[in-house]
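Asks: Single-letter residue listing:
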Amino acid sequence: MFEIRIHSRGGQGGVTAARLLAMATLHDGKYATACPFYGAERRGAPIVSFVRIDDKPIKIYSQIRQPDMVVVLDTSVMDVVDVLHGLKKGGRIFINSAGKREFPGFECRNVDLTGIALRENLVVSGSPILNTPVIGALAKMGIITAESGKLAIREMFSDERNVKAADAAYKEMSA
Amino acid sequence: MKKIATGNKAVAEAVKQAAPGVVAAYPITPQTEIVEQIAEFVTGGLMPTRYIAVESEHSAMAACIGASITGMRTFTATSSHGLLYMHEMTNWAAGARLPIVMANVNRSLGPGWNIWAEHTDALQERDTGWLQVYVSTVQEAYDTILMAFRIAEHNDVLLPVMVNLDGFLLSHIMQPVDTVELGDFIPDIYLPYAIDPKHPAGYGTLTGPDQQFKFRWDIERSMRDSVTVIEQTEKEFAKRFGRRYGFTEDYRVEDADVIVIALGTLGKEAEVAVDLLRNEGIKAGSLRIRWLRPFPKLNLKGKEIVVIDRDYSFGFGGIVASEIKAKTGISLYSVIAGIGGQEVTYDDIAGFVRTRRMGEEFWFGVNAHV
Numbered sequence: 001m002f003e004i005r006i007h008s009r010g011g012q013g014g015v016t017a018a019r020l021l022a023m024a025t026l027h028d029g030k031y032a033t034a035c036p037f038y039g040a041e042r043r044g045a046p047i048v049s050f051v052r053i054d055d056k057p058i059k060i061y062s063q064i065r066q067p068d069m070v071v072v073l074d075t076s077v078m079d080v081v082d083v084l085h086g087l088k089k090g091g092r093i094f095i096n097s098a099g100k101r102e103f104p105g106f107e108c109r110n111v112d113l114t115g116i117a118l119r120e121n122l123v124v125s126g127s128p129i130l131n132t133p134v135i136g137a138l139a140k141m142g143i144i145t146a147e148s149g150k151l152a153i154r155e156m157f158s159d160e161r162n163v164k165a166a167d168a169a170y171k172e173m174s175a
Numbered sequence: 176m177k178k179i180a181t182g183n184k185a186v187a188e189a190v191k192q193a194a195p196g197v198v199a200a201y202p203i204t205p206q207t208e209i210v211e212q213i214a215e216f217v218t219g220g221l222m223p224t225r226y227i228a229v230e231s232e233h234s235a236m237a238a239c240i241g242a243s244i245t246g247m248r249t250f251t252a253t254s255s256h257g258l259l260y261m262h263e264m265t266n267w268a269a270g271a272r273l274p275i276v277m278a279n280v281n282r283s284l285g286p287g288w289n290i291w292a293e294h295t296d297a298l299q300e301r302d303t304g305w306l307q308v309y310v311s312t313v314q315e316a317y318d319t320i321l322m323a324f325r326i327a328e329h330n331d332v333l334l335p336v337m338v339n340l341d342g343f344l345l346s347h348i349m350q351p352v353d354t355v356e357l358g359d360f361i362p363d364i365y366l367p368y369a370i371d372p373k374h375p376a377g378y379g380t381l382t383g384p385d386q387q388f389k390f391r392w393d394i395e396r397s398m399r400d401s402v403t404v405i406e407q408t409e410k411e412f413a414k415r416f417g418r419r420y421g422f423t424e425d426y427r428v429e430d431a432d433v434i435v436i437a438l439g440t441l442g443k444e445a446e447v448a449v450d451l452l453r454n455e456g457i458k459a460g461s462l463r464i465r466w467l468r469p470f471p472k473l474n475l476k477g478k479e480i481v482v483i484d485r486d487y488s489f490g491f492g493g494i495v496a497s498e499i500k501a502k503t504g505i506s507l508y509s510v511i512a513g514i515g516g517q518e519v520t521y522d523d524i525a526g527f528v529r530t531r532r533m534g535e536e537f538w539f540g541v542n543a544h545v
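First to last, the sequence lines map onto chains A and B.
Sequential numbering from 1 applies to the first sequence in my numbering.
Sequential numbering from 176 applies to the second sequence in my numbering.
Keep in mind that the hints were calculated from the coordinates and are not lab data.
Glycine included, C-beta positions come from ideal geometry on N, C-alpha and C.
Warning: the hint list may mix true and false statements.
Partner residues are not named here, just some residues of chain B that face chain A (Cβ under 10 angstroms, in silico) [what the hints assert, rightly or not]:
#: 1; residue: T181
#: 2; residue: L345
#: 3; residue: Q350
#: 4; residue: T440
#: 5; residue: K443
#: 6; residue: E446
Based on the sequences and whatever the hints tell you, model everything.
Replies: So, in structure tokens, the structure goes:
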């Protein structure tokens, strides 16, 4: 089983990203569950969502405590939340950031998803949309296939700019 | 067709396919998504349904009763305080023998103001004459709603059915769900004693001491008859759609020395705990109770039993543990865990089994053996 924790702020699309990831996983022929942690979440507040991926049906409903991977959609969350909490030794990190970041003992990759969203004019109510470009980044990291990622995006959004943004994130991923 | 859906959306999808004539509902967290989605289906012309937006849950159930009594298929959904507010009417629905189907998204009762999973809401409805079933996956929620209509409306039953799913844990989780081509799985509804609004008549419902007990016994008789109807319906569902259900879901119980019993998602997560314990050499099994009313026949002889209750009856004990004790006479370890959405992991469940003390009650998190 592969367990992912997604950190974002309310309204940035962290929950939708989890959903897209689960949909893509289904296209890859695997099983997934995705769930947000529901608390007093509101626009702008730090929130987490969880995704579990496995080859067989998933029976676990409790929260992920030791993720294999952490996704950070908004680096400002890192000032108030320990995003590395519980991350397995050697675990993977994806950060939405233009600059490369190092976390000793972990494998960290980054793409400027916000820049891609602004370039593609993927902006809703003043917020750049991060949930579709992040799918491209996660495909590059091998969590899902790029093809399944695009299928999932197209199932949910009719606007092709979302697919373009995911493609851009795939291509621009740091080594 | 396989897709990703939340428990709430899967319930709404099943209701769409069952196409009730009337849905009357009032929103309440964490159920709201169900009735929102149904309202959207209705306004989008995807359901041939009259959606009645009411001002309270009491009215929601009253409207379902009014519609059902004319022979119409009816559905509603609620949670927690909404269910309790319906209580007078839930008794009426069963007493009037109306096959209303309801999804109840299990949620704690206030105060404190808590919107998370707990089974005390539905268990306070135990004695109303409703059939009660508790599901553990999004797929099972979808499948069970479909079966619930067929079971409720079967003329050997004619009792309402409450399908319970854990608040947030199941209502809001996204999982794969395989939707079916329903065909004639749910036959057209036929209520032998339906009122015909086109031929109005007056009915006197005063029922004297020489009659009332007969109506009560008739509910119980149908409750007992429902056992066969449930078995037949689940068998037919498996035949048509390939997914098999039962009164309980048994996991590695046959050669088990110790069995964990729970409802809903806890009962599913318990299977992971069982695998963990088996690796340690503890012969554990899991028995998830699906149908609570009618209560399943349990053969627990020679096993040690650990019951997890996400509910409580103050001054008495865990409700499911108490029912199992009363029905089987078996001594068990009663764990109270998951109240108000309290986090309970498979590790925790394995821990309950490892440190079990038969005959005692344990409040998880409070660490009190009593």
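Asks: Would the stated hint for B/K443 survive a check requiring a Cβ distance to chain A of less than 10 angstroms?
Replies: Hint on B/K443: holds, closest Cβ of chain A at ~5 angstroms, below 10 angstroms.
Asks: Could you check if B/E446 really has its C-beta closer than 10 angstroms to a C-beta on chain A?
Replies: Cβ of B/E446 sits 5 angstroms from chain A, so the hint holds.
Asks: With a cut-off of 10 angstroms on the beta carbons, see whether B/T181 makes it to chain A.
Replies: The hint holds - B/T181 has a Cβ within 10 angstroms of chain A, the shortest such distance being about 9 angstroms.
Asks: Does B/T440 pass the interface hint, meaning its C-beta sits closer than 10 angstroms to a C-beta of chain A?
Replies: With a minimum Cβ separation of about 4 angstroms from chain A (threshold 10 angstroms), the hint on B/T440 holds.
Asks: Restraint: B/Q350 near chain A, CB-CB cut 10 angstroms. Satisfied or not?
Replies: 5 angstroms, holds
Asks: Let's test the interface hint: is any C-beta of chain A closer than 10 angstroms to that of B/L345?
Replies: Interface hint status for B/L345: holds (8 angstroms vs cutoff 10 angstroms).
Checked against the numbered hints above, the structure breaks none of them.
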